[in-house]
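*Asks:* As a plain string of letters, each chain reads:
Protein chains: 2
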Amino acid sequence: MEILSENTCFGGVQGVYKHSSDACLCDMTFAVYMPPQARAQKVPVLWFLSGLTCTHDNAMTKAGAQAWAAKYGVALVFPDTSPRGDDVANDEAYDLGQGAGFYVDAVQNPWAPHFNMWTYVTEELPKLVAAEFDIIEENQGITGHSMGGHGALTIAMSLPDRYKSVSAFAPIANPTASDWGRKQLGAYMGADEAAWAAHDASLLMADRGFHSPVLIDQGTADNFYDLLRPQALADAITQRKQAATFRMQSGYDHSYFFIQSFMQDHVKFHAELLK
Amino acid sequence: MEILSENTCFGGVQGVYKHSSDACLCDMTFAVYMPPQARAQKVPVLWFLSGLTCTHDNAMTKAGAQAWAAKYGVALVFPDTSPRGDDVANDEAYDLGQGAGFYVDAVQNPWAPHFNMWTYVTEELPKLVAAEFDIIEENQGITGHSMGGHGALTIAMSLPDRYKSVSAFAPIANPTASDWGRKQLGAYMGADEAAWAAHDASLLMADRGFHSPVLIDQGTADNFYDLLRPQALADAITQRKQAATFRMQSGYDHSYFFIQSFMQDHVKFHAELLK
Numbered sequence: 001m002e003i004l005s006e007n008t009c010f011g012g013v014q015g016v017y018k019h020s021s022d023a024c025l026c027d028m029t030f031a032v033y034m035p036p037q038a039r040a041q042k043v044p045v046l047w048f049l050s051g052l053t054c055t056h057d058n059a060m061t062k063a064g065a066q067a068w069a070a071k072y073g074v075a076l077v078f079p080d081t082s083p084r085g086d087d088v089a090n091d092e093a094y095d096l097g098q099g100a101g102f103y104v105d106a107v108q109n110p111w112a113p114h115f116n117m118w119t120y121v122t123e124e125l126p127k128l129v130a131a132e133f134d135i136i137e138e139n140q141g142i143t144g145h146s147m148g149g150h151g152a153l154t155i156a157m158s159l160p161d162r163y164k165s166v167s168a169f170a171p172i173a174n175p176t177a178s179d180w181g182r183k184q185l186g187a188y189m190g191a192d193e194a195a196w197a198a199h200d201a202s203l204l205m206a207d208r209g210f211h212s213p214v215l216i217d218q219g220t221a222d223n224f225y226d227l228l229r230p231q232a233l234a235d236a237i238t239q240r241k242q243a244a245t246f247r248m249q250s251g252y253d254h255s256y257f258f259i260q261s262f263m264q265d266h267v268k269f270h271a272e273l274l275k
Numbered sequence: 001m002e003i004l005s006e007n008t009c010f011g012g013v014q015g016v017y018k019h020s021s022d023a024c025l026c027d028m029t030f031a032v033y034m035p036p037q038a039r040a041q042k043v044p045v046l047w048f049l050s051g052l053t054c055t056h057d058n059a060m061t062k063a064g065a066q067a068w069a070a071k072y073g074v075a076l077v078f079p080d081t082s083p084r085g086d087d088v089a090n091d092e093a094y095d096l097g098q099g100a101g102f103y104v105d106a107v108q109n110p111w112a113p114h115f116n117m118w119t120y121v122t123e124e125l126p127k128l129v130a131a132e133f134d135i136i137e138e139n140q141g142i143t144g145h146s147m148g149g150h151g152a153l154t155i156a157m158s159l160p161d162r163y164k165s166v167s168a169f170a171p172i173a174n175p176t177a178s179d180w181g182r183k184q185l186g187a188y189m190g191a192d193e194a195a196w197a198a199h200d201a202s203l204l205m206a207d208r209g210f211h212s213p214v215l216i217d218q219g220t221a222d223n224f225y226d227l228l229r230p231q232a233l234a235d236a237i238t239q240r241k242q243a244a245t246f247r248m249q250s251g252y253d254h255s256y257f258f259i260q261s262f263m264q265d266h267v268k269f270h271a272e273l274l275k
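Each protein sequence line maps, in turn, to chains A and B. Its first residue numbered 1, the first sequence is counted upward by one per residue in our numbering. Its first residue numbered 1, the second sequence is counted upward by one per residue in our numbering.
In case anyone wonders, no lab produced these hints; they're calculated from the structure. One or more hints might be untrue.
Only pairs whose alpha carbons sit at most 20 Å apart, straight line, appear in this in silico PhoX-like list of lysine-lysine [claimed, not checked]: (1) 18(A) to 164(A); (2) 127(B) to 164(B); (3) 127(B) to 71(A); (4) 62(B) to 268(B); (5) 71(A) to 62(B); (6) 268(B) to 42(B); (7) 42(A) to 268(A); (8) 62(A) to 71(B); (9) 62(A) to 268(A); (10) 127(A) to 18(A); (11) 71(A) to 42(A); (12) 275(A) to 71(A); (13) 71(B) to 268(A); (14) 62(A) to 62(B); (15) 241(B) to 42(B); (16) 42(A) to 275(A); (17) 268(B) to 71(A); (18) 127(B) to 42(B).
To list a few chain A residues with every Cβ distance to chain B over 10 Å, as calculated [stated by the list, open to error]: (19) 11; (20) 159; (21) 182.
We treat Cβ as the ideally placed atom computed from N, Cα and C, and that holds for glycine.
Please construct the entire structure, taking both the sequences and the accompanying hints into account.
*Replies:* This is the structure:
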């Protein structure tokens with residue numbers, strides 16, 4: 001692992017790191033924020049998965065999460081959203097290929113060799129982070145925005161022993177029924193829609209739910225509301241009687257101005273479940 | 001004035017606006033954050049002047065100021081750092097020309113027609129902001145980072161009746177004795193160094209000071225420490241017995257990770273003086 005940068009921030013360290021990924025067969029960059037508490041003891045960790053077009057950098061610089069991670073004593077990990085590089089497949093559309101990994105393992109060409117973001121985020125990167133940083137492996141939570149909210153919810157519900165807490169900001173809630181999902185799941189995973197169900201938060205919620213309360217924030221003025229399909233997730237939560245706080249935030253859109261407005265609530269929510 | 005974007009943020013509105021500037025003879029873009037309190041009453045305003053290479057966007061997205069502006073009920077204004085455009089003079093160096101206005105009025109060619117950031121920030125934009133937004137003109141404070149800290153300090157000390165409060169993050173504190181200053185003041189204002197003194201925070205501090213306490217934060221690991229010359233400002237403050245809090249922040253560098261770490265302190269400092 002190579003250190004690309006480290007900056008003091010709220011008494012802790014915001015770092016950016018690069019490593020050679022076996023899952024994605026390319027160099028991958030990620031960011032970790034270690035709060036000041038980590039100098040004296042190991043700390044819980046909150047994963048933040050980002051949305052379409054983002055790298056590790058967007059949330060690191062624009063989500064305002066470090067202030068609250070420092071206050072509540074939680075580490076943050078910001079993975080990239082896809083494999084990267086000139087020899088990695090790509091597409092001209094912003095919502096397929098690089099920057100749009102969708103947190104699945106691809107089985108279709110040209111994506112299959114590199115696009116293994118499920119394995120990367122759930123196996124390879126957690127091992128690296130646990131080896132390199134003073135985090136408590138038993139105390140992990142996961143959140144994310146948009147495509148990253150989709151990733152956070154599907155990963156947490158699929159690996160409930162790993163994650164003690166999950167939340168999401170404006171997640172892609174029902175990708176098997178949305179143009180933000182059908183296109184990508186078809187490209188990466190193939191035409192067999194049965195395989196897609198494991199990557200649909202609303203279907204997973206209906207099928208199994210999560211072992212602790214779930215926090216969802218969704219802006220009412222979200223410019224991608226119809227693609228996100230929050231109603232499908234709300235339906236699944238209420239049908240299942242899943243413990244949850246599902247907040248429709250009046251006037252907020254899909255931007256980081258929305259995310260930062262509620263970041264304190266999310267970090268505090270995770271910190272309390274990760275104690 | 002044209003609205004380029006408006007996003008709900010911490011219950012208020014983060015907007016980006018464009019107007020035709022008489023001072024700079026070009027279109028200028030700026031950002032304003034109006035806190036939720038502004039829906040019921042006029043609010044004080046805090047100006048944030050940015051550093052070299054920045055536009056209105058950097059601090060708006062990376063300084064984490066909106067959280068505290070909303071908490072303390074203060075509007076924020078983020079001006080651009082220079083005139084812009086294909087027909088505006090420029091230089092290949094990052095520290096001269098577009099993105100490097102230095103908050104002075106140029107009298108030398110090729111800069112003179114457009115590079116009038118002193119007039120823009122102290123006259124034209126304040127009038128526009130007062131006309132278009134529900135701010136209390138009598139309750140204005142000013143802060144900034146690096147070149148913008150230089151701007152904030154020199155403007156506040158030159159117009160003490162206008163500004164009730166001033167602070168700075170890692171300001172260019174003594175430009176008449178630094179390569180961050182001599183080059184630009186010479187280019188914009190000409191070789192007569194006597195004229196430069198009105199744009200040197202340390203000289204102004206020694207000469208006149210400010211009518212209320214001044215807050216300065218400076219990182220000890222600042223990668224531009226030698227160019228900023230904080231010792232000159234500290235000397236002037238202590239020689240003059242100026243009421244001030246000058247904080248050397250251990251381990252912090254020149255980045256927005258530094259700025260955001262202490263933004264709450266600055267917004268609160270201004271809000272209390274602007275009551």
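*Asks:* For every hint, state whether the structure bears it out.
*Replies:* Going down the list of hints, with the structure as the test:
no., hint, in the structure
1, 18(A) to 164(A), "27 Å, violated"
2, 127(B) to 164(B), "17 Å, holds"
3, 127(B) to 71(A), "39 Å, violated"
4, 62(B) to 268(B), "18 Å, holds"
5, 71(A) to 62(B), "19 Å, holds"
6, 268(B) to 42(B), "18 Å, holds"
7, 42(A) to 268(A), "18 Å, holds"
8, 62(A) to 71(B), "19 Å, holds"
9, 62(A) to 268(A), "18 Å, holds"
10, 127(A) to 18(A), "14 Å, holds"
11, 71(A) to 42(A), "15 Å, holds"
12, 275(A) to 71(A), "14 Å, holds"
13, 71(B) to 268(A), "18 Å, holds"
14, 62(A) to 62(B), "5 Å, holds"
15, 241(B) to 42(B), "35 Å, violated"
16, 42(A) to 275(A), "12 Å, holds"
17, 268(B) to 71(A), "18 Å, holds"
18, 127(B) to 42(B), "15 Å, holds"
19, 11, "7 Å, violated"
20, 159, "31 Å, holds"
21, 182, "29 Å, holds"
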